Amino acid sequence: MDDRRRRFEAQALPHLDAAYNLARWLSRSPTDADDIVQDAMLRAFRAFDGFRGGDAKAWLLTIVRNCWLSAGSASRRRGHTELDEGLADAGPDPEESAIQAGHQRRLNAMIARLPDDFREVLILREIEDMSYREIAGVTGVPMGTVMSRLARARALLREFAQESVKEGS
Amino acid sequence: MSTEHLLNTQSYLDGELSGAEAAEAERHLQTCEECQAFATGAAELSDALRRAPRYTAPAQLRAAVLARLDKEPVAFSRRSFWIGAGSGAGLSALAAGFAFLALLPPSIATLTQSVADVHAQALVSGKTIMVASSNHHTVKPWLAAHAGLSPPVTDFAAEGFKLTGGRVDEVAGRPAAVMVYAHGNHEVDLFAWPDRGADLPGTGMAHGFRVAFWKAGDLDFAAVSDMDQAAFQKFVALAKAQRE
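As you go down the protein sequences, you meet chains P and V in turn.
According to our numbering, the first sequence is numbered sequentially starting from 1.
According to our numbering, the second sequence is numbered sequentially starting from 1001.
The set of hints was computed from the structure by calculation and includes no laboratory data.
Please read these numbers as outputs of a predicted model, since none were measured by experiment.
Treat each hint with caution, since some may be false.
[Stated by the list, open to error] Partial pick of chain V residues on the chain P-facing surface, computed with a CB cut under 8 Å: (1) Gln-1010; (2) Arg-1054; (3) Asp-1117; (4) Gln-1121; (5) Lys-1215; (6) Ala-1216; (7) Asp-1226; (8) Ala-1230; (9) Gln-1233.
Using N, Cα and C, we set each Cβ at its ideal position, and we do this for glycine too.
Let's have the full structure, built from the sequences with the hints guiding it.
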């Protein structure tokens, strides 16, 4: 194995789960996420000479997002139905897991309703635990825009949750 | 209650504030009902999301990725050459390696991409500035010492582009001096490297950043930013007009 491949496997490959998680949340489809991640890892490997150290995860997630954008328009037109498959196994108590799974489905459905621009900043902040600056780097928008999109995403989710309570669903 | 307060409360909750700013945000949160409601909603959401299981890459995806990497050609790695050249021996070894790499000029087509990549990576890593100063008398000698280049350094604060510092970076494997400016929330990188007679690309976009190139004196320049078109053009005009 050559040196570049070894360094790629040491620095970028450990973030494969993060890449897949982001691709799943963004594309909302296991098949699309699979394609996006394969494409992103290949692009990352080819561009690895240009990676100058620093945060490999943020660098990789930037590529994942770009791949999602360039692959995205087609699948977004197609619509999505495969929302809930493939989440990591729930806890050991079957009853609690069922309730948990129900909550999880509702939460996922609400997040899926968010516009793409809002959903991605929310996922990067809440699921990938990135700072505003890192999110700005990944999404290519100014920090002020990250902040307002994040606030809007949270406000929208609150509205969705209130609707869902009213409907008693 | 204003949008500004709400965004500030949010920054506080997200751990983006510290010291006096955090204390001020905490004080505001004590008295503002709307911010309190926002904080409660955000905390519930955050809890729910953090309890949620993460999607993990299926084993067959990992295998597929590795299989595709296997098919990639084994390339002569310029980057590892640099690491080897730079480690231990410092700047003089880099300078020695530089003459060799000058034989491999990057193509015009990739230069826009490369400059945007370097800018994006600096933003992502949060390392846009190695010397922080709005004083050109500080930035210029620092760049001369660290990049071996003496581009003109001007603070355009009066025109809306504040000089915030400089750094040394690498564009297509070559050292470049970078002057860093702030325009509101936007950052502008102004790159300079020695002109070797290579053609430069026209103004273009890559990764959502605007990139403009020009030659002046014995240097090539590139400006990169996510500013809007009008502000970007204004900055480029100012940068082009500056003299030693």
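Hints, verified against the model:
1. Gln-1010: 5 Å, holds
2. Arg-1054: For Arg-1054 (chain V), the interface hint holds, since the closest Cβ of chain P sits about 5 Å away, which is under 8 Å.
3. Asp-1117: 5 Å, holds
4. Gln-1121: Holds, because the Cβ-Cβ distance from Gln-1121 (chain V) to chain P comes to roughly 6 Å (cut-off 8 Å).
5. Lys-1215: For Lys-1215 (chain V), the interface hint is violated, since the closest Cβ of chain P sits about 24 Å away, which is over 8 Å.
6. Ala-1216: 26 Å, violated
7. Asp-1226: 6 Å, holds
8. Ala-1230: 16 Å, violated
9. Gln-1233: Violated: closest Cβ of chain P sits about 18 Å from Gln-1233 (chain V), beyond 8 Å.
Violated hints, listed in ascending order, are 5, 6, 8 and 9; each of the other numbered hints is respected by the structure.
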